[in-house]
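Chemist: End of the sequence shown = 361 in this note's numbering, gap-free, step of one.
Each hint should be verified, as a subset may be incorrect.
[As the list claims (entries may be wrong)] Below are the DMTMM-like pairs computed for lysine to aspartate or glutamate, each with C-alpha atoms no more than 20 Å apart in a straight line: (1) 352 with 274; (2) 271 with 298; (3) 73 with 90; (4) 73 with 53; (5) 352 with 192; (6) 73 with 136; (7) 218 with 207; (8) 218 with 244; (9) 271 with 297; (10) 73 with 26; (11) 73 with 40; (12) 73 with 94; (13) 352 with 314; (14) 218 with 133; (15) 352 with 133; (16) 271 with 314; (17) 271 with 329; (18) 271 with 338; (19) 271 with 299; (20) 352 with 207; (21) 271 with 192; (22) 218 with 236; (23) 271 with 207; (24) 73 with 133; (25) 271 with 336; (26) 352 with 236; (27) 271 with 229; (28) 352 with 338.
Derived by calculation from the structure, the hints in this document are not laboratory data. All values derive from a computational prediction rather than experimental measurement.
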Amino acid sequence: MYQALEVFNGALMLIRDQYLEPVEPAFLMDGAVRGIFEALDADSAYLSADELALYRNRGSRSGGVGVGLQKRYYLHVDDVLPGSPAAEAGIERGVAITAIDGRNTRELRIPVALLLLAGAPGTSVELSLRDATDAESRRVTLERAVLPDPPVEHRMLEAGIGLVQIRRFHEATASQLEAAIEALEESGADRLALDLRGSRGANCETGVEAAGAFMKGEVAERAWRSEEGEEVSEPLAAPAGEPLFEGPLAVVVNRGTVCSGEVLAAALKSREQVDVVGRRTAGRTGRPELIELPEDDAILLSTAHIRGTDGEDILGVGLAPSMGPADLEIESADLDDEDPQLDLAIRALKRRTAANDPG
């Protein structure tokens with residue numbers, strides 16, 4: 003620790019004495035503090051006094067624009083909620099947000115960006131957007147709106163195979179999930195594709211609750227460090243009762259699968275007759291805690307996280323799929339162009355049916 007502080011102090015002195023123009027010490031320290039958090043998980047962040055004020059008042063700022071975010075130099079949209087202001091403006095997944103109300107997003111952590119995007123319903127926020135082919139950013143003004151919790155959706159894909167899609171996790175998700183499964187079974191589904199792409203929730207443990215529809219007992223574990231610096235963990239169990247569906251299941255995930263969706267996918271990955279397909283998830287299963295500092299600023303610090311029952315960490319690394327095209331002896335180019343990940347899930351379910359049928 004002392005050696006690292008010596009390097010840090012030496013760098014500050016060199017910048018102060020030899021940089022091409024004078025730099026205010028307070029500006030340097032602000033940049034240094036924010037830079038520290040680049041080495042931590044995506045949901046840990048430094049909050050200035052102004053940002054802390056936004057955080058404290060977030061209950062009165064219930065409007066949003068309906069985007070999920072990931073950080074890749076700039077912020078990028080990894081999910082757009084149907085019917086949201088962002089969707090109505092034609093914003094698509096993958097576009098870079100280079101500025102929020104003129105503030106460059108290179109310096110923004112995801113929690114701070116979400117504070118800036120939120121506000122009173124009816125107020126506006128200006129985004130600077132840039133696609134991969136754009137030479138310059140374009141500006142779009144969105145009017146914030148109250149975003150209703152999207153329901154769990156379901157439909158039959160083909161004979162025997164049903165689809166369940168969870169866009170957001172909320173208090174009603176578990177009961178809606180059970181209703182969707184029951185409806186699909188009544189329609190003849192004995193295999194399910196569970197689409198968790200873009201799914202997220204404010205509380206990762208809603209993923210544990212949803213897991214009760216498919217399995218019982220311990221489904222994940224929460225881990226943190228004690229005051230002595232030693233790791234402590236406790237099991238997280240699905241709600242009591244028998245699972246509603248124990249048949250073949252294909253879980254579809256991507257980089258937009260965050261928090262609750264990751265916990266549910268990790269739990270199901272350990273269950274028999276389950277394949278996880280798609281892309282590695284976001285790795286955001288931390289539990290950020292607000293710690294206020296003496297100068298009326300604060301930090302959001304992940305002091306605990308949720309991982310799989312096998313001890314495999316999700317935080318910072320994400321959950322990897324358990325199956326790809328090669329496992330089915332097919333090429334990626336052979337998959338449906340419209341939705342190759344869902345096509346792969348359907349093929350995985352069909353393979354399990356063939357493997358379970360001795361005839």
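Chemist: For a quick check of understanding: which of the numbered hints are violated here, in increasing order?
Modeler: Hints 2, 3, 9, 10, 13, 14, 15, 18, 19, 20, 25, 26, 27 are the ones this structure does not satisfy, whereas the remaining hints hold.
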